Amino acid sequence: MYQFNLRAILVYFDRLPQSIAVTLALTGIAVVASTLLAFPIAKARMSGIPPLVVLARAYVELFRNIPILVLLYVYYFGLAQAGLHLSTWWAALLALSTNAAAYCAEILRAGYSAIPSGQREAARSLGLRAWQIEVFVVLPQVARVIIPPFANHCIGVLLGSSIAAVVGVADLADWMLATGSDSFRYMESFLVAATIYIVLCQGVAAVIAAIDRRARAGLR
Amino acid sequence: MFATGNVWDYWPVFVNGLLLTIELSLIALVVGFVLGLFIGLARTYGPRPVRALCTAFTESFRSIPPLLLFFGGYYGLSYATGLTMSPFQASVIAMILEASAFMSEVVRAAFRSVDRGQWDAARAVGLGFWAALWTVIGPQAIRVLIPPTIGVYVAVLKDSSFASIVGLVELTRAGLLVRETVGDSLTVFLLLSAIYFVINYSISSGALALERRFRFVH
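Read top to bottom, the protein sequences are chains A and B.
Just so we're aligned: the first sequence equals residues 1 to 220 in the working numbering.
Just so we're aligned: the second sequence equals residues 1001 to 1218 in the working numbering.
What the hints contain is simulated information worked out from the structure, not anything from laboratory work.
This structure is a prediction, so every number in the text was calculated from the model and none was measured.
Hints should not be assumed to be uniformly reliable.
To be verified - Only some residues are given here: those of chain A computed to face chain B with a beta carbon under 7 Å:
#1 Met187
#2 Ala193
#3 Ala215
To be verified - From chain B, some residues computed to sit far from chain A (all C-beta separations above 10 Å):
#4 Ile1022
#5 Val1125
#6 Arg1143
#7 Ile1150
#8 Arg1179
As the list claims (entries may be wrong) - FRET-style restraints, in silico, Cβ to Cβ:
#9 Val11/A - Thr1081/B: 18 to 26 Å
#10 Glu1023/B - Gly28/A: 53 to 61 Å
#11 Val11/A - Glu1023/B: 35 to 43 Å
#12 Glu1059/B - Pro116/A: 32 to 40 Å
#13 Gln202/A - Glu1180/B: 23 to 31 Å
#14 Arg1213/B - Gln3/A: 53 to 61 Å
All C-beta atoms in this analysis are idealised placements derived from N, C-alpha and C, irrespective of residue type, glycine included.
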């Protein structure tokens, strides 16, 4: 008869901080990389130049509609066959970032379209250069608008980062897979890992909500 | 590499995998829709403890990566209950949990989007809570509900690829199997990407068309 016994997997807990750190590192780097990648895509989408618009749309639709797991297999197995051998870490990071960039580009586009054109006109009439308008006038306002959807985006990347375990990156999901198959305490390791993911998600949401409050306070 | 044959020779494997993927995600969506409707309504109109419970359910299952749900559903439940779960049963359970959490959010947002005045008016003409919900609020909420529901379906269909982890031969696992036989990883996974893309893109384009069709004109 099965008995729930958390103590049975207690010996595996010393590997937990390390695996949580890997999950957070993967998430953090992917969020930054995807945001950097999303900027040119969003800009191209809004450029009004037909070939650029089509390319940007194609990128977004393509990467939003392919499961991230399949994307990982393309990068890890597919590219290896084509001669490009990515390590598990880089393949996972690439899959996460290229997938997240599609969502992030849409968030940025919505952010840009929320800025009234009067802001640009006013800045231009003050004699600001194009890059100054972009950096000092538009970007700060875009940043403020996109904070709430960006929080959901970060949580999505955090959840998606669990794909790394499939190819064997030692993240939190991998801790669960390894602990489960080593101790046969599948339910326990699932519950521990699931609880940590829930806490991490709530943590990310809380941090971004705090940033949002500060950004709003700056408006008054 | 010991290549035996061509990827395209194995097209029936892909077709069967695809059918299973669609079957799985449809079951998850339909059951998830019903459960999500109850949970979402309880979260919006229920008494405080019920509301807290439903919020905890939604927040939890939205914050657990699908990989973990399939793992927990298959190995976890099998070991914990002593029942031998088939990969299909485990996948259905995992996906229903995920879909109902997503749907309850959609339902809550849809019912909240109905103007408060509609409630006041319905109550003022003497309708009870359920009558008002069924005849006045519900029909308005359902219009708002349809487009994001299709979004949920696409999300669920994509996440069904994680069922390959527990050995269910849906589309992704079918691809992995063909890869093992043929060895042509690049073709197999590009083909998988293309199939998923075509299906999901057609569904979401359909959603967009529906959204235009159902848009409220005041």
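Evaluated hints:
Evaluation of the Met187/A hint against chain B yields a held restraint, the C-beta minimum of about 4 Å falling below 7 Å. Satisfaction of the interface hint for Ala193/A is found here, the shortest Cβ-Cβ separation to chain B being roughly 6 Å, below the 7 Å cut-off. Look at Ala215/A: its Cβ only gets to about 23 Å from chain B, farther than 7 Å, so that hint breaks. Under the 10 Å C-beta cut-off, the non-interface status given to Ile1022/B relative to chain A holds; the minimum distance is some 14 Å.
Val1125/B, annotated as away from the interface, keeps every beta carbon of chain A farther than 10 Å; the closest lies near 37 Å. The Cβ of Arg1143/B lies farther than 10 Å from every Cβ of chain A, with a closest approach of about 22 Å, so its non-interface assignment holds. Under the 10 Å C-beta cut-off, the non-interface status given to Ile1150/B relative to chain A holds; the minimum distance is some 13 Å. With a minimum CB-CB distance of about 7 Å to chain A, Arg1179/B fails to clear the 10 Å threshold, and the non-interface call is violated.
Val11/A and Thr1081/B have their C-beta atoms about 25 Å apart, which keeps the hinted 18 to 26 Å range intact. For Glu1023/B and Gly28/A, the hinted distance range of 53 to 61 Å is not satisfied, since their beta carbons lie about 38 Å from each other. Checked against the given bound of 35 to 43 Å, the beta carbons of Val11/A and Glu1023/B, roughly 41 Å apart, stay inside it. At roughly 35 Å, the beta-carbon separation of Glu1059/B and Pro116/A lies within the given 32 to 40 Å, and the hint holds.
Between Gln202/A and Glu1180/B, the C-beta spacing of about 40 Å breaks the proposed range 23 to 31 Å. As the Cβ distance of Arg1213/B to Gln3/A is approximately 55 Å, the hint placing it in 53 to 61 Å holds.
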